[in-house]
Amino acid sequence: MSKEGYAVEGRQRDIDFHLPGNQPEMTPDETRLRVEELRAYYGKSLAVNNVTLSIKTKKVTAIIGPSGCGKSTFIRCLNRMHEVTPGARVEGKVLLDGGDLYGSGIDPVEVRRRVGMVFQKPNPFPTMSIYDNVAAGFKLNGSRDRRIIEDKVEKSLKMAALWEEVRSDLHKPGTSLSGGQQQRLCIARALAVDPEVLLMDEPCSALDPIATAKIEELIHELKDSVTIVIVTHNMQQAARVSDYTAFFYLGELVEFGATGDIFTTPEKRQTEDYITGRFG
Amino acid sequence: MQGEPQVINRPLGRLLTRASGKLVHPDAQVINLGDRFFYTLTRGLAFCVIFLVILLVLDLFRGSWEAIRQFGLKFLVGTTWDPVARQFGTLPTIVGTIVKAFIALLLAVPISIGSAIFISFYTPKWLRPVISYPIELLAGIPSIIFGLWGLFVMVPVIRVLQVWLKANFGWFPLFNGPAVYGVGVLAGSAILAIMITPIIAAISRDILLTVPRTQIEGMLALGATKWEAIWKVALPYARTGLLGAVILGLGRAIGETMAVTMVGGNSFDLIHSLFDPVHSMASQIASEFAEATYSLYVSSLIYVGLVLFGITIIISLLAQLLLWRLSKGRIAILE
Ligand SMILES: Nc1ncnc2c1ncn2[C@@H]1O[C@H](COP(=O)(O)OP(=O)(O)OP(=O)(O)O)[C@@H](O)[C@H]1O
Ligand SMILES: [Mg+2]
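If you read the sequences in order, they're chains A and B. Residue 93 in this note's numbering is what sits at position 93 of the first sequence, and the numbering runs on without skipping anything. Residue 305 in this note's numbering is what sits at position 305 of the second sequence, and the numbering runs on without skipping anything.
Source of the hints: derived by calculation from the structure; they are not laboratory data. Note that beta-carbon positions come from the ideal geometry of N, C-alpha and C, so glycine has one too. One or more of the hints may lead you astray.
[Unchecked claim] Far from chain B, some chain A residues (derived; all Cβ distances over 12 Å):
(1) T57
(2) G98
(3) K121
(4) I149
[Unchecked claim] Per the computed footprint, the stretches of chain A lying under chain B, defined by three or more beta-carbons under 8 Å from a beta-carbon of chain B, are:
(5) 37–51
(6) 80–91
(7) 122–130
(8) 184–190
(9) 219–228
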């Protein structure tokens, strides 16, 4: 089905492509992350303006929008990574299970353990083996017991669908893997910390189609255990993997809703134009 | 090099290339000529350097030949340096040089790497030059100035420290020496440490600034504190470069002449404590050369130079080996 097809025929709601969670009205999903009036600045310039939305538990939420519209900035606010950039600042609230991540006395380090992140370019630690890469975060606060760590590494690699490929090479450097494997290694590394939410900033943009398909499949399996927020430039990918979609434009949230609705019956003109490829 | 097609960067060149369907720009001949010129030039210069090194080694051997024939390798383990008796052995100064250099490293490395970490990771960008500039300035100060400062300012302080150490911890063999001189191993090491700290710090800072943000953020995203990210990711990532910086500092400490001549205490006896005065090999050559009145004496001093040269080569080879071991198994870094 062509991209245009969504917009034209989609209005009748008889969509024939796979839409996992397109009936939020029938089974109201639980909210894991509630973002309220979020503003993010770089120095004086405003990159994310007044965003309010809810991210549902064990669902995949896709963030789409043209380049520079603040997608990366937005998800970096969800694990307090934005403030790592010098001069960057956040206003508003991000409630994780009701508790404000930006509340006073909240340790960003603790936040990042609960909200993990996978970056655009795979960034395994080159001086560590595959095993140590996966164990790196877990060892920070987890057990020192070797058996427990080994179990955790195996479990995480299995979750990231990488175990079979690397089980005999665990001592090799993480950078000896292919790009797609490296990205799954980074996913395993993030999963080893047992995050409640996993943020992914264009995790496939540096990968070829086969590696991309593997990651998408993985996202599908992961959502049974973790809430996922994924930034993507690829509209088809958003349609394939997500339950909810948020469309950002010029730092603002233009439209947010079930992926099926966004892709078939967008309410805003801008969303429709973007999805149908008329701009962006 | 020569067989490859010319890559043209200019937009016009691209256009022409595409239009004509050929990979070679019409100007390629011209570009090629310039390319060749620089290739030949740089190759020539590189060979010049190698040639000079070979010449230097040959000359060192020629100059020290008389002493080599006379003393052989015993020169390296002999402990008497007696020009009157025409007896030369240089073990004490070899030991003195190496001990001073390593103590200097021990003092300088934590300070310099620490300050490099501070500048690279904890200082806002605008403040970095304010802190870095004095360090670079310090690195450029001539060693005689360090020597003078050391002699008049540092040595008196060291003397007090040594007397106190001896009085309270004199039972410890390293502190059981002639404390009241002030000049000696400790003073020499301290001045060397002060001299190499800015060098190691400046290079380490440049190295640490090259650690990609994504590496550090990758660790932070796992719930690491900033310090954990620096310690477990940034420093390991930069380790080969940091090691290089340290080796450079060590090289300077071993070859340093003027400042250690002034505060090292110039004795030819084997050291037993941190307070004993002893020559470094470089200071030994510099201060004795004018007094070398007969050829075996001169030849022995050149032999010392040859040994010093050998030590620096061994150190750099060990460093290469270490670097190779560190980077072994590391394939491409995806950044
Ligand atoms: N480190 C920074 N300092 C200053 N401004 C920044 C910085 N990073 C991003 N910006 C600005 O913030 C805005 C949003 O950037 P952001 O990276 O969030 O966009 P994005 O939607 O992720 O784009 P892309 O799809 O290209 O990754 C842009 O206008 C950008 O210029
Ligand atoms: Mg981005």
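Status of each hint after checking the structure:
1. T57: holds (21 Å)
2. G98: At about 21 Å from chain B, G98 (chain A) clears the 12 Å cut-off, so the statement holds.
3. K121: Given that some Cβ of chain B is not farther than 12 Å from that of K121 (chain A), nearest at about 6 Å, it is violated.
4. I149: holds (14 Å)
5. 37–51: It is violated, with 0 qualifying residues against the three required.
6. 80–91: holds (count 3)
7. 122–130: holds (count 7)
8. 184–190: holds (count 3)
9. 219–228: Since 0 is below three, the answer is violated.
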